[in-house]
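Participant: Here are the chains, one letter per residue:
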Amino acid sequence: MLRISSLSVYYGAVRALSNISIHIKKGEFVCLIGSNGAGKTSLLNGLMGIVPADAGEVVFDNNDISGLPTKKKVKLGLCLVPEGRRVFPDMDVYENLEMGAYLQSLKTKKRQLEFVFDLFPVLEERSKQLAGMLSGGEQQMLAIGRALMSNPKLLLMDEPSMGLAPIIVKDVYSKLTQLKERGLTIFLVEQNASIALKYADRGYVLENGKIVLQGNTSQLIDDNEIKRAYLGKEYKEKWER
Amino acid sequence: MKKINYLFLFTILLILVLTKLLIKNEYYLSIVIFGLFNAINASCFNILLGYTGIISLGQGAFYGIGAYCAVITAASYGISPSIAILMASFFSGILAFVVGYPTLRLHGHYLAMATLGFGMIIYVFMNEMAFLTGGPSGFLDINKFTLLGMSIYGESEFYIFVASMFFVFVVMFELFDKSFLAYKLKFIKESEFASKSFGINIFRTKLLTFSLVAAITAFNGGVYAYYAGFISPVSFNFHYSIQLLTMAIVGGVGSVSGGIVGAAILTALPEFMTAIEDYEMVLYGLFLAVTIIFLPEGLSGLFKKIVGKNASN
Chain E
24 MLRISSLSVY
34 YGAVRALSNI
44 SIHIKKGEFV
54 CLIGSNGAGK
64 TSLLNGLMGI
74 VPADAGEVVF
84 DNNDISGLPT
94 KKKVKLGLCL
104 VPEGRRVFPD
114 MDVYENLEMG
124 AYLQSLKTKK
134 RQLEFVFDLF
144 PVLEERSKQL
154 AGMLSGGEQQ
164 MLAIGRALMS
174 NPKLLLMDEP
184 SMGLAPIIVK
194 DVYSKLTQLK
204 ERGLTIFLVE
214 QNASIALKYA
224 DRGYVLENGK
234 IVLQGNTSQL
244 IDDNEIKRAY
254 LGKEYKEKWE
264 R
Chain S
2 MKKINYLFLF
12 TILLILVLTK
22 LLIKNEYYLS
32 IVIFGLFNAI
42 NASCFNILLG
52 YTGIISLGQG
62 AFYGIGAYCA
72 VITAASYGIS
82 PSIAILMASF
92 FSGILAFVVG
102 YPTLRLHGHY
112 LAMATLGFGM
122 IIYVFMNEMA
132 FLTGGPSGFL
142 DINKFTLLGM
152 SIYGESEFYI
162 FVASMFFVFV
172 VMFELFDKSF
182 LAYKLKFIKE
192 SEFASKSFGI
202 NIFRTKLLTF
212 SLVAAITAFN
222 GGVYAYYAGF
232 ISPVSFNFHY
242 SIQLLTMAIV
252 GGVGSVSGGI
262 VGAAILTALP
272 EFMTAIEDYE
282 MVLYGLFLAV
292 TIIFLPEGLS
302 GLFKKIVGKN
312 ASN
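Protein sequence lines correspond, in order, to chains E and S.
Positions 24 to 264 (this note's numbering) are the ones given, in order, by the first sequence.
Positions 2 to 314 (this note's numbering) are the ones given, in order, by the second sequence.
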């Protein structure tokens, strides 16, 4: 469904990402893990066209979308849930959701609104409340709902666990699993490797702007290098000894 | 999307008609006319600050550019005033585009400083280019205002013209407020990054809004020049931009009624307090501080709250 080949992102002369190649099949839940500054956010922003990406090809649903403006990508069915949620704080929940569907027809909007309220009943209860008054977890739900309003085929998520209590993070991930079961393809980048690897089907590991490892999450969890660098397993064992 | 507030439009129309019927004194009528000019400018400022989050302290300069360009082109090429005003408005829009292109990448205080600087530069130009503008002593050579062959002269006739212009603008602002464009601007104000990720071209939208608002302000300025019959740089200095800021904030940012209410109060108030004229700026500062602390939604927000409470009781 999505194939990224040798994508690079530059900030002026600084290269944030080099030669990234990723492929995602329809219906898959893929995660990309990496530490601070590895280039996770740059990858998503480059993919959406929020920051310019050079050299490389991005094919989505058999369309070459490299270099297209963000708006066209959203129309084709790519949608990003930005890092730190970024809801519109002084607008109510309903207006936030409405914004997500601004490129869609009235019919799609109604259908997606029902879908979102069905998935996140809490948003329906609070539809007249200001988004800024919601809790962090509810804001994350709203951000996901807002993205779903654009009727995406592929949902991109940037650090859904950021700044949330562990129990809420679990909640968010179980919602993502529900979405996957309903046929949505999900690609998320995450610093919290343990939870991402637990829920996703397949994973990539990004380090210093390069993909260093990839495979099924079940394999990745058992990988010694991952255990050491992201899950802190070995240190814990040493500590216990 | 919300519905158009016909009651609001009707109230405005009623007030405009009643003013014409009740106020016979030319001096009071002239204050009302000044108030209408201020209201349009403050509403324009409100679109920038309240909707888009652009803080521009150069609105006074655009107002002045409109006024000067209109009268200078009309005087030197003998064009009819209405066409000269349109040309001035167009020119001001282009200038705003050129100025906005580098400056609208800035945010908050930096943008305020940049637009303030622009306002200052224009003010210096108006003062120093005496061969064009008449310098500090002002521009005197203003023809009578004619529209479609009809000459408009005197307070009463001008009131009808300015009031109808004002009403057209209010209808436009109300249509804008309920349109998707207003939402788009508010998305940008609330979160630029989220708007970007949904494919809104932030820079282009801001630039177009800024240019359009400058064009309207300049149009207004052109009409003002013909009404006043005499313009000098003092009317378009930094002080005036701050007045507009105060009007928008006291009235309430982010709503159509905000700029109008603010302009009405802050145009009328100094007339009753001529004794403390020297402290006008201090008074504005006080108003600003009090409104921001106690009435973050301005007077129109307060009014809406009271009406809303009564309705729910």
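Warning: the hint list may mix true and false statements.
[As the list claims (entries may be wrong)] Label-pair distances were calculated between CB atoms; the ranges are:
id : chain 1 : residue 1 : chain 2 : residue 2 : range
1  : E       : G60       : S       : N202      : 26 to 32 Å
2  : E       : E148      : S       : I16       : 40 to 46 Å
3  : S       : I5        : E       : Q152      : 24 to 30 Å
4  : S       : F295      : E       : E148      : 27 to 33 Å
5  : E       : D224      : S       : F295      : 52 to 58 Å
6  : S       : L289      : E       : K151      : 39 to 45 Å
7  : E       : K94       : S       : L176      : 21 to 27 Å
8  : E       : E80       : S       : L209      : 41 to 47 Å
9  : E       : V37       : S       : L176      : 45 to 51 Å
10 : S       : S77       : E       : K98       : 23 to 29 Å
These are calculated hints, taken from the structure and not from any lab test.
Here a beta-carbon is modelled for each residue, glycine too, at the ideal position from N, C-alpha and C.
Participant: Quick one: which hint numbers does this structure break? Sort them smallest to largest.
Facilitator: Numbers 6, 8, 10 - these are the hints that the structure violates, sorted from lowest upward.
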